[in-house]
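J.: Spelled out, the chains give:
There are 2 protein chains.
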Amino acid sequence: MISRSVADKMSAIVGKEWFLDTPEDLATYSYDAFLPEFNPNGVIIPGSTGEISEIMKIANQERIYITPRGAGTNICGGSVAKRGGLIMAFHRMNKILEIDPDNMCAVVQPGVVNADLQKEVARYSLMYPPDPASMFVSTIGGNVALNAGGPRGVKYGVTRDYLLGLEVVLPSGGVIRTGGKVLKSVSGYDLTRLMCGSEGTLGIITEITVRLVPLPPAKATLQAVFSDLDDAAKAVSAIIGSGIVPTTLELIDKVVLDVIGNYGGARFHKDTQGLLLIEVDGEDSLVAAQGERIEAFCRQRGAVEVERASTLEDAEKLWQARRTAFGAVASLRPNCIVEDATVPVKKLPAIIRTIVALADKYQLKIGVLAHAGDGNLHPLIMTDLRDKDEMDRVDHALEEMYEAAMAMGGTLSGEHGIGIAKNRFMNMEFNDSAIEIMLGIKKVFDPHVILNPGSFLSIYDQINEEKKWN
Amino acid sequence: MISRSVADKMSAIVGKEWFLDTPEDLATYSYDAFLPEFNPNGVIIPGSTGEISEIMKIANQERIYITPRGAGTNICGGSVAKRGGLIMAFHRMNKILEIDPDNMCAVVQPGVVNADLQKEVARYSLMYPPDPASMFVSTIGGNVALNAGGPRGVKYGVTRDYLLGLEVVLPSGGVIRTGGKVLKSVSGYDLTRLMCGSEGTLGIITEITVRLVPLPPAKATLQAVFSDLDDAAKAVSAIIGSGIVPTTLELIDKVVLDVIGNYGGARFHKDTQGLLLIEVDGEDSLVAAQGERIEAFCRQRGAVEVERASTLEDAEKLWQARRTAFGAVASLRPNCIVEDATVPVKKLPAIIRTIVALADKYQLKIGVLAHAGDGNLHPLIMTDLRDKDEMDRVDHALEEMYEAAMAMGGTLSGEHGIGIAKNRFMNMEFNDSAIEIMLGIKKVFDPHVILNPGSFLSIYDQINEEKKWN
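Chains as they are written, first to last, in this note's numbering: chain A, 258 to 727; chain B, 258 to 727.
Some hints here could point you the wrong way.
Pairs involving identical chains hold if they fit within one copy or between any two copies, as the list cannot separate such chains.
Unchecked claim - Here are the simulated DSBU-like pairs of lysine-lysine, each with C-alpha atoms no more than 30 angstroms apart in a straight line: (1) Lys-700 with Lys-314; (2) Lys-491 with Lys-376; (3) Lys-412 with Lys-476; (4) Lys-645 with Lys-700; (5) Lys-527 with Lys-574; (6) Lys-376 with Lys-412; (7) Lys-622 with Lys-527; (8) Lys-491 with Lys-511; (9) Lys-645 with Lys-622; (10) Lys-476 with Lys-700; (11) Lys-574 with Lys-376; (12) Lys-266 with Lys-314.
In case anyone wonders, no lab produced these hints; they're calculated from the structure.
All values derive from a computational prediction rather than experimental measurement.
Just chain A, same shape as in the assembly (with noise of 0.2 angstroms):
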C-alpha cells in the first residue's frame, strides 16, 4: 500500500491528471499478455527523464515498488506490478526526437511504438530491423527492456544488435548515459547491452540511440508446404546450411493450420503437415536467384507444393497465415500459453518431436509456430486456467520440454523473456554461481529492490533481508 503523503507528492511531480487511481485505473494496468493480474496500487505517467528521477528518488527512499511498462505486450508477466506499488508507463514520452540519415540512427523516447517508428524511417530508405509480432503496439522501450526478437531476426538479429545509446534513470534518481551515436565504443563495462533484456529490473530507460540500416531495395516470399513436418524441419536446416541468409524463415505446424482453417484463414493441401514461409532480402538479382534456390531445396526435401510471390499483394496473402495464427489459435480455448524454448538450428527436428510426444503424453493441444531459421520455437498450448487438472499436465510437459530443450544445448527464452513466466526454471540454465552474480548486479543498481520485484529473478524472494517490507 502506498501512503496519501506519497501518493500526493507523486502526483504534484507528474501533474494530477498523470497519477491514477480509480479502481477501473488499477484493473486497466493489472494484467499484460501473459495471464495472471495484479493490481497495482497506482499508475504514474511521467513526461521527463527530470520527473522519472524525482520519482525514483521518492520511491527508494519510501520502498515503493515500481513496475515499468512499455504496451504491456510481453508474454511473460514483466509488466506487471506482482506486489503491487506503481506501474510506470510511458504514453506521453513517445517522441522520435531525431532520425539521423547522416549517422544512420534515430534517438527516440522510450514510449515510441515500433511500427511507427519503421514508418517514419522507410521515408528515409532506412530500416529498423527488430519486427517482434507486437510492432503495431509494442514499444521501443518495452522493446529493449525485453530485448525483443522477430521473424526478421534470422538474417537481422535482434533489439539488442541495434542498440547504440541509452539514458537510464537509477532507483537513485541517478541518471547515466550510455554509449551514442558511435558505432564502436568499449569504453567501460558494457551497461548498454547489460540494460537490453534486463526486465525493468535494473533501472528505467528514458532515451534510446537505435542504428538502422538501408532499406533492401527488394524482397521475395515463398510458401512451401510438406506432408511430413520432419521434412519441413530438415529443409530449415537445408536453407541455412547452404550459405543463403533468409530474412524470415518461420514454420508452422499442422495443429495451427487446421486452427487457421477454421477461423477463415487460408486452407492449404490436404497433406499439409507442415508450412514454411520464408523470405530473402536485398538487390533484385540476387533476392530472384535466392528465391530459386530456395524453392529448389524445399522440393528436394519433399516440399508437396511451393507458392513465390512476385507481387506484395501475393507475399501478404502468403504472411495471412502467419498473421492469423495467434488470433486463430487464442479462439479456440479460454487460454493460450505461448511459450518460448529456443534450441541450436541442427535439432530443430529433435525438439518438435518432443512437443509432439508431450502433446500426446500430457493429452493437450499443443500447436507449434517457430522462427525456425534461429532455432525459436513457440509452442502454443492450448488450454482453460481454470482446469485445475489440465493445468497440472501443462506444467509438468512445460517441466519436461525445458529440460528437454536444455539437454539439447538450448535457452530457457529465445526472445519473449523470464517474467514471471520462468523464474521457477532458472536454474536449469544457470548455476548457483550465476545466480549470484546476477543477484549481486541487482542489487548494485537497485539496492533496495524496488524495481519490478517478483519478476525475472525473484530476487525478492531470494534477498531475504528484504522481505520484511509492506
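Using the hints provided, position chain B relative to the given structure of chain A.
T.: Just chain B, lined up with the frame of chain A:
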C-alpha cells in the same frame, strides 16, 4: 610479492614447467603493445578450466593479483601486471574444440589465434568476421576481453556481435556458463556481453562459442586518392549515406603515406593528401555493381585517381600501403602512440581537422589512419617517450583531442580498450553515477580486486578499503 609457499601451491597445480619466474621470463611478460613495462612476480600457464579454478581459489584467498593475457597485442596496457602478481597466459589452451557448420558456430579455447580460426572455418565456406589488425598473432580470448574490432567492422561489426556463449572462471573459483549455441537468448542478465570488453577485470574466459557467417563468394577492392583530405572524409560520408554497406572503408592521410613511401612501400600521385581503401563483398554481380557506384562517388567528390582491383593479387597490392603503415610509422621515431578516438561517422571530417590543428599547435608529428566507415580513428603520434617536454605536449594534445571527440558525441575508445592508457579520461565519458555502477559490478565479480588491478577503471585506487594489501 608472492611467498614461496603460494608459488609452490600454484606451481603444483599446473606442473613446474608451466610456472615461470626466472628474471628472463618475467622480463618477457613485462610489456604488451602499449609502451610501459611492469614486471610480474611470476607467469602461470594453466592447461584446463579445472586448473584455473584451483588457481583462482588460492589467489582469492591469498590476495594474489592475476592478470590474464592473450598474445599481449593490445595497445592500452590491458595485459601487464601493473601491481605485480601473476600473469596468466593461455598457450596451452589453444584448441579449436568444435566447428559446427550446421549451427554455424565454433567452440574454441581462449588461446586460439584469430587467423587460425579464420583459416579452419574457411574450409567449411564459413567466416569469423572480426579481423583485428593483430589477427595473425592475437587470440580469441584476448579479442573477447577487449571486444576487438577490425577493418571489416563497417559491415560486420565487432567481436561482441559474434559471441554466442562463454565459460568463465570467477575470482572465487566458481565456473559459470553463459549462452551457448543458440542464436537467440534472453535468459537472465546478459553476462556474455558484460564479459566482452571487460578487459580481464571480471573473470577468466576459458571457452568461447562464436557465431560464423557464410563466406562471401566475391569481393571488390578499390583505392581512391584525393588531393584534399577533407574531400576524402566527405566521400566516406557519401558512400555510407548511399545505402551501400562496404566491408571495409579505410582512410590514410598524407603524413602516414609519406612515411610509407620513404619506407619503401607504394608511392602515390604527387598531389595525394588522403587515400581511401574500400572493399565490398557478397555475390559476384552485386559486388561489381557496388564497385562501380563507389568509384563514381569518389570521382564526384574529387578523387584524383581511382584504382579497382579485378584479381585477388591486385587487391593484395592495394592493401599493401595499409598493411605497411604501422611498421613504417614505427620506424620513424623511437615510439609511436596509436590512439583510438571514435566519433559519429558524419563528424569524421571535423575530428580530422581537429587532429591536424593539434599537431600544429603542439608541434607534434601525428598521422591519421582510420577505420573511417565507422568513425573509428587511429591517430598515430610519432614521438619519443624519453623526451619529457615532448611527452607533456603529447598529453595536452590527447586531452584536447578526447575533449573534442566527446563534444562531437564520440567515445574514448572505439576498439582498443581503456587499460591504463585512458583511465584518466573515464570521467569525460561517464558521470559519477555510471562509474559507481561499474565499480559495483567489479566488486560483485571480484570482491577482493585481484583481477587485473590498476587497469580499466583504476578500480584498485577507487576502492579505498582495499588499499592496505601487500
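J.: Can you name, in rising order, the numbers of the hints this structure does not satisfy?
T.: When the structure is compared with the hints, numbers 4, 10 turn out to be violated.
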